[in-house]
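Please construct the entire structure, taking both the sequences and the accompanying hints into account.
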Amino acid sequence: MQLSSLVALLPFLAIASASPVDRSFGKRYNGVRIKSNRNGQCLSVPGDAFGDGVRVQTVDCAQAQKWNINPGSGSVIHVASGLALDAGTGRDNNEIVKLWTSYPTLFQQTWYLTGDNRIAITGGDQCLDQGSEWEGTQTWQCTTGNTNQIWYPIDDNGNSLDPNGGGNNGGDNGGDSVSTPSPSPDVPVKDVYPDPTDGSHRLHPNGRDDLCVTVDSAKIDSGTQVNIAYCAPNDSDTSKYQLFWVTGGQKGEIKLREFPDKCLNSNVAGGNGQAVWIDDCNKASETQRWDYTGDKLRVDNGGNTCLDVVEGSGKTAQSPYDIEKRLQTWECFEGNTNQIFTIKY
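Taking mature numbering (1 follows the signal peptide of the UniProt record, and there is no 0), I'd label the letters of the sequence shown as residues -18 to -1, 1 to 327.
Warning: the hint list may mix true and false statements.
Think about it this way: if two alpha-carbon atoms lie no more than 25 Å apart in a straight line, the pair counts; the simulated PhoX-like pairs of lysine-lysine are [to be verified]:
| no. | residue 1 | residue 2 |
| --- | --- | --- |
| 1 | K233 | K222 |
| 2 | K201 | K222 |
| 3 | K233 | K265 |
| 4 | K265 | K297 |
| 5 | K233 | K297 |
| 6 | K278 | K326 |
| 7 | K237 | K222 |
| 8 | K265 | K172 |
| 9 | K265 | K222 |
| 10 | K278 | K233 |
| 11 | K326 | K237 |
| 12 | K233 | K172 |
| 13 | K278 | K222 |
| 14 | K278 | K265 |
| 15 | K172 | K222 |
| 16 | K201 | K297 |
| 17 | K172 | K297 |
| 18 | K201 | K265 |
| 19 | K172 | K278 |
| 20 | K172 | K326 |
These are computed hints drawn from the structure, not numbers from a lab.
Given below as structure tokens:
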């Protein structure tokens, strides 16, 4: 990539160099494609082999996979896999971009979608850049007038979406109170199981008592993500990763029944769109305290952040059970059924 003169950083870098901020934009861009100004193609992983280290490139938009990307600072998530867009070190020119397990607030995974359609590393000087045919999709120092660094979130009709938060993102979970359907109408309905009689419960997304909030991959290592899988019978090993000590009106930690030293954790400082995970319980941690009102699970830190089903997320094949939908934290909105979770008594 040739630079004809000493680069001058765009004014937005004054914003991008700041710490992540609480975003007040009214729209969320879930399940959108990201189109390059340079070649008219869209950000994607060629083929359907997803995993850590798989390079992200551009392909014809009709074949491109979808992403969750939102105005302001946060992770850029590959919908089909739940993996994050990762910039390597995030500090050098000509680094490839790739999929990687999402670690909320990790420097090289925290991007800033600016008002002038740049996708920049928050707190750095690198931008997502569509280089030559040989360079491909890469990072490069953010440069005034460099149109290789312009990217457009687009909807299913190919319409560009306003990075300042306007336009239709297909999620309809914006600042206004909305009424949305069950977050999982595309997932076939299966069996429903009663909770044990010891006071532990499964957490179900709205209208789907056959789906459960579940720790990924039957692992309890700190940092293991928590998402949505099919519920399992009480006598199955899988139920160990779905049964929590939680009840309506509860405030405090949400612990796994079988592993009471493991608690549901969040990253509210990272802004909207952050993953949730299991961590060692820590009573001093505000991010592990939850206020369960009987429908919403709100992080009990004095803010306004709720557990939320990622709109447009789909199945991720895993062992020993698949993930059907992905979870995140998002600003709480009344009427948003993606933020309703129920338990059965």
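How the hints compare with the structure:
no., hint, in the structure
1, K233 - K222, "holds, 22 Å"
2, K201 - K222, "holds, 10 Å"
3, K233 - K265, "holds, 12 Å"
4, K265 - K297, "violated, 33 Å"
5, K233 - K297, "violated, 31 Å"
6, K278 - K326, "holds, 14 Å"
7, K237 - K222, "holds, 11 Å"
8, K265 - K172, "violated, 36 Å"
9, K265 - K222, "holds, 22 Å"
10, K278 - K233, "holds, 12 Å"
11, K326 - K237, "holds, 17 Å"
12, K233 - K172, "violated, 31 Å"
13, K278 - K222, "holds, 23 Å"
14, K278 - K265, "holds, 21 Å"
15, K172 - K222, "holds, 19 Å"
16, K201 - K297, "holds, 18 Å"
17, K172 - K297, "holds, 15 Å"
18, K201 - K265, "holds, 22 Å"
19, K172 - K278, "holds, 24 Å"
20, K172 - K326, "holds, 16 Å"
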